[in-house]
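Asker: Build the full structure now, drawing on both the sequences and the hints.
One letter stands for each residue in the lines below.
Number of protein chains: 2
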Amino acid sequence: MRVVVLRLGHRPERDMRITTHVGLVARAFGAEEMLLAARDQGVVDSLEDVVKRWGGSFAVRHDVRWREEVREFRESGGVVVHLTMYGSRLSEVMDQIRAHDRIMVAVGAEKVPADLYGMADWNVGVGNQPHSEVAALAVFLDRLMEGKELDREFQGQLKIVPTPRGKQVVERSPAGDGMPDQGD
Amino acid sequence: MRVVVLRLGHRPERDMRITTHVGLVARAFGAEEMLLAARDQGVVDSLEDVVKRWGGSFAVRHDVRWREEVREFRESGGVVVHLTMYGSRLSEVMDQIRAHDRIMVAVGAEKVPADLYGMADWNVGVGNQPHSEVAALAVFLDRLMEGKELDREFQGQLKIVPTPRGKQVVERSPAGDGMPDQGD
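Chains as they are written, first to last, in our numbering: chain X, 1153 to 1336; chain B, 1153 to 1336.
Be careful, since some hints might not be right.
Because identical chains share one entry, a pair is satisfied inside a single copy or across any pair of copies.
[As the list claims (entries may be wrong)] Using 25 Å as the maximum straight-line C-alpha spacing, the simulated PhoX-like pairs for lysine-lysine come out as follows:
1) Lys1311 - Lys1263
2) Lys1204 - Lys1300
3) Lys1204 - Lys1263
4) Lys1300 - Lys1319
5) Lys1300 - Lys1263
6) Lys1300 - Lys1311
7) Lys1263 - Lys1319
8) Lys1204 - Lys1311
No lab work stands behind these hints: they were computed from the structure.
Answerer: This is the structure in structure tokens:
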């Protein structure tokens, strides 16, 4: 299965950290690419830096024309899932979505253009309460991949050895000038 | 099962949006309370506003002394799970954690005090790659509650009717001056 994440509605400065989290989640949960429908080299640089140190082949493109990307993705046989609190219940549509091989997952910021609702194959609510596009994307991908993505190995300069106490990091080359984190 | 989320390492201003997302995720994924180990009335207000409009009994306390909270929680029979990319694999410890009735989930920002690793009953990695505390919390709670939390009903002024296209919101009272969102 190949997954691409499309990030819409990004406002440079204000959304920099949230969009970076969206990109990190996309990578960590098995997507191969994030398309950013805004120009923000800072987000691209910070994600590429993580890829360089932590491995994998995750790619980022910014300043994309999202309507063209959606159209081309669908024309080449992919399906588009728009995550929105207003959408169908996740549990009711997941099996249909998982039957597809190439999936674009669109996540907006506070507002998305109304035509996205019509262009997507599915509008899906990861719950129907307000919360976070970062969380919605993570839970969607975790369920899509049935939890298997978290045990995937990335071949990077840095590698964590899971441990019940403290921190164990293996460094494979003399690069790496600090460690980003998932929550501490 | 009763779940409390403890948010550490919050820096006012810089982390306001991320911490608000942490709180919204806590509420939407079934936690009953968030404790914030920093003083930030803005975060409290914005979460309380969501509770008022969207329902449920989610509570927020800020400016807590986290070590005391952790100690008291454990003394009263609860267990503490610290989410960190360095921790044990989620899939290996989830069954042990789920056997407990009262669970505190601690999520940090970029750095957490080192003693937390020793005070927690489990240090758990939602994957061992850098991503996002918002995502880590959501996936942890989704798996903890085996996906059931997303179909829970909240009794609020506003209620979404899940729909494949567009937006259907039922308003039960004349309050509500706009709708927060989970990703558009």
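Asker: Which constraints among the numbered hints does this structure fail? Numbers only, ascending.
Answerer: 5
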